[in-house]
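Could you put the whole structure together from the sequences, leaning on the hints where they help?
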Amino acid sequence: MLSISISTYSQTSSSVLDSVEALMRVRQYDDALKLINQSELSQPSRKSAYLKGSIYQRLFQEEKAWISCSELLSLDSNWTPGLTLSAEVANATGRDTTALVLWQKLVRKYPESSRYHRQFASTSLRLGVLPLAIHHYEQAVRLNPFDISSLAQVVELYEGLQNWSVADSMVQRALEYQPARRELYLLGARIGYRSERFWTALPYLESADSLGTLSPTWNEIYGISLYRSGYVEESIPVLRRLHPNDAEEGPTYVLAMAYYRLEKFDSAAVYFEKAATLATSDELPVYYEFQGRSLQSAGYPELAVNAYKNSYYYDPSDPVFTYLIARAFDEAGNREQAEAYYKSYIEKETDQESDYYQFSVDRLTQWRRADFFKGE
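Adding 635 to a residue's 1-based position in the sequence shown gives its number in the working numbering.
Calculated directly from the structure, the hints in this document are not laboratory data. It should be emphasised that the depicted structure is a prediction, and the values quoted were computed from it without experimental measurement. Some hints here could point you the wrong way.
[What the hints assert, rightly or not] In silico lysine to aspartate or glutamate, EDC-like type, Cα no more than 20 Å apart, as pairs:
1) K744 <-> E697
2) K699 <-> D711
3) K909 <-> E883
4) K744 <-> E723
5) K944 <-> D917
6) K682 <-> D665
7) K699 <-> D731
8) K978 <-> D950
9) K669 <-> D711
10) K669 <-> E656
11) K983 <-> E971
12) K740 <-> D711
13) K682 <-> E697
14) K899 <-> D950
15) K682 <-> D666
16) K682 <-> E656
17) K909 <-> D950
18) K899 <-> D917
19) K983 <-> D1006
[Unchecked claim] Label-pair ranges, simulated between beta-carbon atoms:
20) Q972 <-> T852: 40 to 46 Å
21) R777 <-> R681: 50 to 56 Å
22) Q993 <-> D881: 27 to 33 Å
23) D917 <-> Q797: 43 to 49 Å
24) Y812 <-> R896: 36 to 42 Å
25) L846 <-> N880: 23 to 29 Å
26) V764 <-> S784: 35 to 41 Å
27) S784 <-> S804: 14 to 20 Å
28) R829 <-> S916: 17 to 23 Å
29) S784 <-> E747: 14 to 20 Å
Don't be surprised by glycine CBs; every beta carbon is placed ideally from N, CA and C.
If you want it as structure tokens, here you go:
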């Protein structure tokens, strides 16, 4: 009788759990939970605890899932599905130290599993154990060169340590397996840009650009990298890709400087003014100064005066802007205003050896001498 009872119970239990699994496969988690709870199995098994924990996990009820996982671990602390579920739920509930122990157990049990190395690394990183995180992310990438997420994480860690060469070498190795993977080229470009070795970012950016349209951010990075690497003319069409709605202060200023260095002063003046309107930094005096220099070089000294006055407005303590206003008025033929600003500049300037100071003194002396011989 006892034997028959146990056999009947076992068949009933197995049937219920099979039904629960069937419901889970079609994502009817609420019905699966109701069924497993209504069955009131008097002898909880490893499988029933696992299924209940999995259901709660899928319903985002992590604390209840952890209760099932605790029961599961007490029933069998070496069963791989149970360890994996428990580690995942431990992470989800903030039990990272417990999760670390569980992932470590899985890594030791399956040293060739990229997934377990990645999870162990991720938990190590959350706990701030960087050497463990770096080592196991590297192992994950070694075992699965297509694991872009692990590669990106370990590269970022090496970037934080400013170990640019190791970060770049990891990208290079990954490209050997996936030469058409655009994300890898962008990852390599990021390393070059962040390390300010802009010339190393260019080959990556050229490849990424050939594989598809770059986002506004990457066009910005591409254009700035070209400019900072000495490819001034080539930087302009890339920076011009940015839609006006995507324009930001930094790339707009770089575009203006590119035009300025190529002596395309009309365009330079436009973009220096645009950079000023977008400015959120303290560089407004500089933007207006170079707008003025551009206008002056383009043959519009009267317009340059207003730009220099804006520079002076935002930084009245710097006497150079007073000098620039004087020069612009001088070039425009307005001697009265030029003379007044030259005098104001001389009063403010403390460096009497500067070229600007000497020019201002000589210019005023020249005018006085001319007036003397005219009898004025």
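We went through each hint and held it up to the structure:
no.	hint	result
1	K744 <-> E697	violated, 26 Å
2	K699 <-> D711	holds, 19 Å
3	K909 <-> E883	holds, 9 Å
4	K744 <-> E723	holds, 17 Å
5	K944 <-> D917	holds, 16 Å
6	K682 <-> D665	holds, 18 Å
7	K699 <-> D731	holds, 17 Å
8	K978 <-> D950	holds, 19 Å
9	K669 <-> D711	violated, 25 Å
10	K669 <-> E656	holds, 13 Å
11	K983 <-> E971	holds, 19 Å
12	K740 <-> D711	holds, 13 Å
13	K682 <-> E697	holds, 18 Å
14	K899 <-> D950	violated, 27 Å
15	K682 <-> D666	holds, 18 Å
16	K682 <-> E656	holds, 10 Å
17	K909 <-> D950	holds, 19 Å
18	K899 <-> D917	violated, 25 Å
19	K983 <-> D1006	violated, 25 Å
20	Q972 <-> T852: 40 to 46 Å	holds, 45 Å
21	R777 <-> R681: 50 to 56 Å	violated, 33 Å
22	Q993 <-> D881: 27 to 33 Å	violated, 46 Å
23	D917 <-> Q797: 43 to 49 Å	violated, 27 Å
24	Y812 <-> R896: 36 to 42 Å	holds, 41 Å
25	L846 <-> N880: 23 to 29 Å	holds, 25 Å
26	V764 <-> S784: 35 to 41 Å	violated, 19 Å
27	S784 <-> S804: 14 to 20 Å	holds, 19 Å
28	R829 <-> S916: 17 to 23 Å	holds, 20 Å
29	S784 <-> E747: 14 to 20 Å	holds, 19 Å
The earlier numbered hints that this structure contradicts are 1, 9, 14, 18, 19, 21, 22, 23 and 26.
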